[in-house]
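Asker: Here is how the chains run, residue by residue.
Number of protein chains: 4
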Amino acid sequence: MQHFDCDYMEGAHPLILEALVRTNMEKTVGYGVDEYCASAREKILEACGLTQDQGEVHLLIGGTQTNATVIKALLRPYEGVIAATTGHIALHEAGAIESSGHKVLTIPAVDGKLTAASIDEYIKAFRADEAWDHMVWPGMVYISQPTEYGTLYTLAELEAIAEVCRKWEIPLFVDGARLGYALASPTTDVTLKDLARLCDVFYIGGTKCGAMFGEAVVMRKGLVPHFFTIIKQQGALLAKGRMLGIQFDVLFTDDLYINIARHAVELASRLREAFRAKGYEIFAESPTNQVFVALSAEQEAHLRTITTFSEWERTADGRLVVRLATSWATLSEDVDKVIEQL
Amino acid sequence: MQHFDCDYMEGAHPLILEALVRTNMEKTVGYGVDEYCASAREKILEACGLTQDQGEVHLLIGGTQTNATVIKALLRPYEGVIAATTGHIALHEAGAIESSGHKVLTIPAVDGKLTAASIDEYIKAFRADEAWDHMVWPGMVYISQPTEYGTLYTLAELEAIAEVCRKWEIPLFVDGARLGYALASPTTDVTLKDLARLCDVFYIGGTKCGAMFGEAVVMRKGLVPHFFTIIKQQGALLAKGRMLGIQFDVLFTDDLYINIARHAVELASRLREAFRAKGYEIFAESPTNQVFVALSAEQEAHLRTITTFSEWERTADGRLVVRLATSWATLSEDVDKVIEQL
Amino acid sequence: MQHFDCDYMEGAHPLILEALVRTNMEKTVGYGVDEYCASAREKILEACGLTQDQGEVHLLIGGTQTNATVIKALLRPYEGVIAATTGHIALHEAGAIESSGHKVLTIPAVDGKLTAASIDEYIKAFRADEAWDHMVWPGMVYISQPTEYGTLYTLAELEAIAEVCRKWEIPLFVDGARLGYALASPTTDVTLKDLARLCDVFYIGGTKCGAMFGEAVVMRKGLVPHFFTIIKQQGALLAKGRMLGIQFDVLFTDDLYINIARHAVELASRLREAFRAKGYEIFAESPTNQVFVALSAEQEAHLRTITTFSEWERTADGRLVVRLATSWATLSEDVDKVIEQL
Amino acid sequence: MQHFDCDYMEGAHPLILEALVRTNMEKTVGYGVDEYCASAREKILEACGLTQDQGEVHLLIGGTQTNATVIKALLRPYEGVIAATTGHIALHEAGAIESSGHKVLTIPAVDGKLTAASIDEYIKAFRADEAWDHMVWPGMVYISQPTEYGTLYTLAELEAIAEVCRKWEIPLFVDGARLGYALASPTTDVTLKDLARLCDVFYIGGTKCGAMFGEAVVMRKGLVPHFFTIIKQQGALLAKGRMLGIQFDVLFTDDLYINIARHAVELASRLREAFRAKGYEIFAESPTNQVFVALSAEQEAHLRTITTFSEWERTADGRLVVRLATSWATLSEDVDKVIEQL
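Which chain is which? The protein sequence lines are G, Y, P and E, in order. Residue numbers for the first sequence, in my numbering: 2 to 343. Residue numbers for the second sequence, in my numbering: 2 to 343. Residue numbers for the third sequence, in my numbering: 2 to 343. Residue numbers for the fourth sequence, in my numbering: 2 to 343.
Don't read these hints as lab results, they were simulated from the structure. The beta carbon of each residue, even a glycine, is placed where N, CA and C say it ideally should be. Possibly wrong hints are sitting among the right ones.
Said to hold, decoys possible - With a cut-off of at most 25 angstroms between alpha-carbon atoms, the simulated DSS-like pairs for lysine-lysine come out as follows:
| no. | chain 1 | residue 1 | chain 2 | residue 2 |
| --- | --- | --- | --- | --- |
| 1 | P | LYS338 | Y | LYS28 |
| 2 | E | LYS338 | G | LYS28 |
| 3 | E | LYS125 | E | LYS168 |
To be verified - Selected chain P positions facing chain Y (Cβ under 7 angstroms, derived; list incomplete):
| no. | residue |
| --- | --- |
| 4 | TYR9 |
| 5 | GLY12 |
| 6 | ASN25 |
| 7 | GLY31 |
| 8 | ALA95 |
| 9 | ALA97 |
| 10 | MET213 |
| 11 | THR230 |
So that you can see chain G by itself, here it is in the shape it has in the complex (with noise of 0.2 angstroms):
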């Protein structure tokens, strides 16, 4: 039996562990003002192709977290955060957005995604409506790169979308929790610097992509004030904050983040052509490390006898679609061993 339930299965990637075994006796200061976490914010500002006065880089522990903090960080009482409606804010994250008092503001999506044209005419909508001053301001954007279904944004329609924001005048912020897959995709045509250059706030994800956990937020300098405070009151800001320098600091040496990212791509790629080989039918184009499928009941119980994964929807004629997901850590006889046997 195999395991490809998430990403998230096993530890950390063995040189952050390292890192981590080598520097544990050390001493430092807690809460992230420590040399590791200066070291990581300063080599993903520069991946970033930011200087210390362009971007700032803030050291969370979890993507939910992150969402909420940032997300309530950027938002007045009386605005919300446009999401997709598969946005991972809109529907898994156990309402974290509206207990800070915020409201989603959802589009449909396609395969996951937004449209600069659907932001666009969302906006113009509301600000037409005779009754807008008794609804919910849309006050940001949120995407995720890659989405929920594993889908990228191509380098133009960030771009379109960054420019709705811009004409509106609202941040554009992007859920990076995959970041690392989407960044690794043979497909994409989006850097990291595009991402810094385009957003106003976006995260690259540790926890998914090699880290024991983790989530780097990189910021436009001085866009909220006081974010130190609002991680402490969120609960996001962890003690030993160096744990998160570390590995932040090791992802960020020798293209790690990227190197091990790409291995998950590709494993990924060759399990999604194996199954359409094998005449399953692929239920969103990923070009990153998950691979959805939709099956037929006799699919499914093939398939559950393969290996472990994630149930995810069901189709309008009521197959189930699921996920598998490849990791940093998957390996390639793994996916052999799935392959041969579906």
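Use these hints to put chains Y, P and E onto chain G, whose structure you have.
Answerer: Just chains Y, P and E now, with coordinates in the frame of chain G:
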């Protein structure tokens, strides 16, 4: 030029005003524990067919406030409220529900109505979802009677919805901001006693049905501990609370509440039929005090010369849907003037 | 038996009631954009010595609601509001401020008052604290005029507090739920224009000063974006908004607001001196419409045979402190009756 | 230069690190439903003397997060949490409790401790207050063991507090961020089983007691419905949940948790006595791993040449109170070096 913008264009019904004038110099204690409030509560309970042991009545000021206060009082942090996509709390309360930390879980509505089946399916799908505990628990159901499109739930529909709520052990809350117009509709088979029997909590709207302001919340005895304090916390406690008591006392004397609503419903019906007769497209078949009409550009231009109204939405083909509302104060001759010029 | 429990025992001042009756059948649009509200806003701005470019006026319904709405609108998530330990928001608003996510940062008060020095020291200590960024940032100052003990800030005191606020770049908010009684006090040197000049935002209480309900918020133009929507979200937007406009329009015609407050202050003064003459201990030297008396058990028993009142607190030695309040509606002869029996 | 700033300067205890390394490449499901978490839960329940029917264990990441999550889960909107004025939630959590809508109701503490009598008096006074229903209902009690000043509740004190809580029917919550140092103190008569017996909910701090991060919440079975979803909503759910399980599994094997805490307490004791012997004023008599010293300007200057420490507060006469903390990782020789130079 006539004015049919909404049903809160005038002050209070003359009998209410008279009572306010008559009692003005009396001294009572504040915050609704005076004898006028006691009397109003008693009359409302009686009209609902409830004893003091079965029900309790709380007098609040406005509709959005009442929705926010009741929903906040009923939900736990992990819970959200099911509502129609067109529900007032979902669209036109400026995020008041989210502001108190809770998600509005929307289900597509037909003519503003939810069905028992759609609610049941929603909850069944939620419970069957592998990721349910990462999602917002459906903690109550919110519907409006009449709906935001002036349509009405039949007794059979309400009973079915109440049964679904009992089955899933979640409370049913009915927004009755315009309840008078529902109760007075010739087509309805739902009485106040039915509502009291089927709902865990609902309110009897005063603001839009004859009062200067005020909404009377009727709830199962003991449903919410310390609801008084929650009302205070929401800023919904009127210092001169007797103003609410006096108004509802008058409204629930000699069936005033129903009688004045009936007047409005009859005038709206006359107006609706006149529109229809003149070839206008009636947009939602509302048997209450609201008339919705989908206008061609030409019709819109013409109607603007006759009366003011509210803009509602756009049809798929771009026509403006408008709403005209009558009230207890609408004059028959004003309706005639509109009809003559159509 | 007389009744001096509070200053909201009667209805509305007769001139207000008359205006409500006179305008009752007029039709206006809702939500406070009618001409009565416009007129009230204009008169209030003029009384405050502010042009339309300098100030804006919003009409809300009650005090707790106004405090919660204004404070929520002004603070960012990491900020709290400085208040006296005896401040209304700190004690008697059922946690309304915390309910919107913000901490009330209390400073011990003397006779209900904060001093500029105590605020300055608080903020200085906060900024000097090594752990400041783990603590709630003092984001605004809240004081009441008159205070919860009926005491008054002098102009010099207010100017000093405003200067401290400017120094630390945080807004000053004055709760004027009973502002009329402050402005009408023979001992005050603070005018409405002073308040408008020194505060970023304050409100002119109607509920306790002659209106049926209503609080007029005066703020620096543009201080809060989309305050209308925040009001709606807080459930503080009256559908029949003109009811607020009419009341404040009357109150700000021919100095009614001050004149009726002066009547109350004079009667309270007579009552206070009578208590003192009879050997009762005056608890706080309030020059406004409230009389605080610390009662021995014997005095308490006696006073209970004469009039109703509010229980306030216990002195260190266990005596009950009670409050008697006069209002625009208090009759001189009722004061006499109490005095005679003391 | 030595470093005694806090007890989270190093990484994880070597045995924990070893377990993380050993298990690193295993595949487990996420979110804490793996076997390591199950094993940790079992061991913790056993150490607490609780069966699976009596208690439940939830593994969260950090202290502020745990406090906010537990308190939010326990309180209803009208309720607040009683805490010492010096309590961590009252001062140093950036308003996390208020951020979830609840007031922290503070009672003056002596040496960081509340007494059963002071809690009882607070609640009695609240219930006797004429205006109680305009105030925040005391809905639970929060204390810390050890307190923020390293002091300890005796068993008798804890039992008395628990009895007051039972009397008023509100839960007792103990913040055990540094619980190991309390349990390992030679002066304590409170065991883990006592805490489990007397509290409704408490947590066993990992972050400051040997783990890389992690806090184990122990609560009465069924105390909070859907606590998992609330944890998710708060952003407190670790995707790679087993990291928590492994750490607590190791800590609760062979009494590691107590043993390493004992080491720290012994070193702190040595340090404390050395300060005292040299004529320094010990500020709070903490029998745990924290040493508080009130320093003259001269002493402060001298100490700064020997070691780093945390600034705590100022005494009434302006002297700086500092804190030195030991941990499982503190070397005996480092303590000696400080002592030699005092």
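Asker: Are any of the numbered hints broken by this structure? If so, which, sorted upward?
Answerer: Failing hints: none at all.
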